[in-house]
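Novice: Model the full assembly from the supplied sequences, consistent with the hints where possible.
As a plain string of letters, each chain reads:
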Amino acid sequence: MSAVVFAHHAMTPAERLRDAGWIAFVALVLGIPLIGLTTVDAGGRLEVATRFGLLAVFVAVAFAGRLVLRYGLDHARARRLRRVQAGTEADDGRALAQRVVTVLGWFALGAAVALPLVFSGNRYVVDTATTVLIYVMLGWGLNVVVGLAGLLDLGYVAFYAVGAYSYALLSTQYGWGFWQALPVSGALAASFGILLGYPILRLRGDYLAIVTLGFGEIIRIILVNWTEFSNGPNGISSIPRPSFFGLEFSRRPAAGEQSFAAFFGLDYSPMQRLIFLYYVILVLALATHVFVSRLRRLPVGRAWEALREDEIACRAMGMNTTNIKLSAFAIGAMLGGFAGVFFAARQGFISPESFVFTESAIVLAIVVLGGMGSQMGVVLAATLLVLIPEFGRNFAEYRMLLFGAAMVLIMVWKPGGLLSHREPTLRLGAAAKATEGGR
Amino acid sequence: MAYALQQLINGLTLGAMYGLIAIGYTMVYGIIGMINFAHGDIFMVSAFIAVTCFTLLAAADVSSIPLALMFVLVVSMFFTSAYGWAVERVAYRPLRGSTRLAPLISAIGMSIFLQNTVQLTQGARVKPIPPVIEGGIELWQTPDFTVQIGWSQLLIIVTTVVLMVAFTWMITHTAFGRQQRSCEQDRTMAALLGVNVDRTISLTFMLGAALAAVAGVMVTVYYGVVDFFIGFLAGIKAFTAAVLGGIGSLPGAMLGGLLIGLIESFWAAYLWAEYKDVATFGILCLVLMLRPSGLLGRPEVEKV
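Protein sequences, first through last, are from chains F and Z. Position one of the first sequence corresponds to residue 0 (numbering that gives the first Met the number 0), numbered consecutively onward. Position one of the second sequence corresponds to residue 0 (numbering that gives the first Met the number 0), numbered consecutively onward.
One or more of the hints may lead you astray.
Said to hold, decoys possible - Covered stretches of chain Z, as calculated for chain F (at least 3 residues, CB under 8 Å):
no., stretch
1, 42-54
2, 103-115
3, 179-185
4, 281-294
It should be emphasised that the hints constitute simulated quantities derived from the structure, not laboratory data. Just so you know, even glycine gets a beta-carbon here, dropped at the ideal spot from N, CA and C.
Specialist: Below, the structure written as structure tokens:
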């Protein structure tokens, strides 16, 4: 792989200023209608308020930011150019990076197992960590569809909703337990995946994305409007929590049941349940990881990756692309369903509010930002996307703004994702080396 | 019968607005082959600009309605096309020629960003403006129902027709139109023949945004309320319209928009109003399954 670097003459200071001035002008034009002017409610009718001070700050920031950015980019390019000319561009840093990622993975696993023991008194940390793990699990599920099979699914949240609602209904209407409902809900989500997938999988990438988005919205609209079935926008509450082999996590267990604390002779603490829930999702997520990694080594997993790289070639080789796509869709849906069951059990309350398009976008962002197909990338991206807004709680209203900006910036900076490696899982050994060398 | 006629008028009005937004999707898809996910939010930004303008004009005591409308249209189109330009420059141009998914993700990010920018700078509450155009013509009076076409509805339909004619002329007869179509066919070849591809793509985004701005002003006039979330649904419906008509085809976008508008208003009137969005999505799925090239589109040939 050789890098192409274009050599430019260095910009003169005057050029830099002109460039930044142009950006400042654009910022001014963009800023006038939204920042400079706003309408405020003045006793039943709107009035225009001006914020020219803020606008001036915005334009100044754009000007300075452009100067710094331009300078930084030029600097980076010059360095890269020098490196390429000296011929020292490291090409085999990849194996090393791969090894580092593996080591980090084991380290992260250790940290994940130890976390609730270290922070056993801190509800906030355990709660946040559980949220991270839910997103990791969703990300790994979607990774099968998007990362491995290359099918863009914008309605993943539909399967999450199917899982959550089937557990909620099974448990509140029919008294099913968490562990009984888990496989059934997963199977339901998977069959929804097949049901949706069968007619639409002939579509090309972008169309598929829009149809899945539509499907996600349809599910949500039905959940909102079909009140007899889903209790509409009010949602379903008092969903039972999972128990530890029949031991409940409550201060006073129901008649004939025993509580976890009493059985082990511990003092009752609400943290026990939270920590238990954390371990449940950790186990579920790890099971997902092992499952997906094993699948990747099976013919079906290889077929997914082949399909992602070139569908026409796959068909020419006599592969049944519909079945391969369906299996990816169904397995992704099933994993999403599992995550949904856990979500319902953890919250104890679900409503259609939790299954909006933004949620799908967040999960997709996790997969793509992490680097499609990379399992560790998903963990990294999920952690980042959950934690960054948590650290920024003080400006909670900027949360989604930062989120959107981060999606754009990371894509522009690294279109392949943070930890991207789209290497084939199979290599042809020496033969491949030879062709690569000859290129 | 009278009721149906009224629904027809409402549906045409709605469809004209969807059609205007759909053109932006179709042109962008035609030239760079991506769904501009942020287009619905560009439309939303334009509606907010229109609200600000109308409020300013009301404060300045401008009483001439045609003058006020012209002013709002021009201002809104100018600023909105600036937004269209900036979105392309920041979020899509650096990703041209990378993987298929990258620009789509960046577009979704852009859409979230725009929505939240507007929410933060303009407030999350619904913005109502006093009705700009009132009254209409009574077309047909039956004992229990009066069919009426509002002046605002007439304005929307007429403006859309005029714009469509002007736009079609521009694409078929001007130098820019030729460049635009050549870029759609083959960007590399167009560049070799001296077409400034970057400029053409930027202009395409600006034009799409300007048409969305017209739709934004119309929505503000027609409904009188605007909030930061209107872009999402309007965007999806307009995209459905573009797909229904055949993506890449301008008359198709308009036809698709009208059909979606009609279907939506008839569905809401005669079937279940609360499931009208399901109808749109259902149509989208059906069209894509049965006739992926749309009504007026050319079937796409896959070359190996």
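Novice: Each hint needs a verdict: does it hold in this structure or not?
Specialist: Hint by hint, here is what the structure shows:
1. 42-54: Satisfied; 6 residues make the cut.
2. 103-115: Holds, because 12 residues of the stretch 103-115 of chain Z bring their Cβ atoms closer than 8 Å to Cβ atoms of chain F.
3. 179-185: Since three or more residues must qualify, the claim that chain F covers the stretch 179-185 of chain Z is violated, with 0 doing so at under 8 Å.
4. 281-294: Satisfied; 6 residues make the cut.
Of the numbered hints listed earlier, the single one contradicted by the structure is hint 3.
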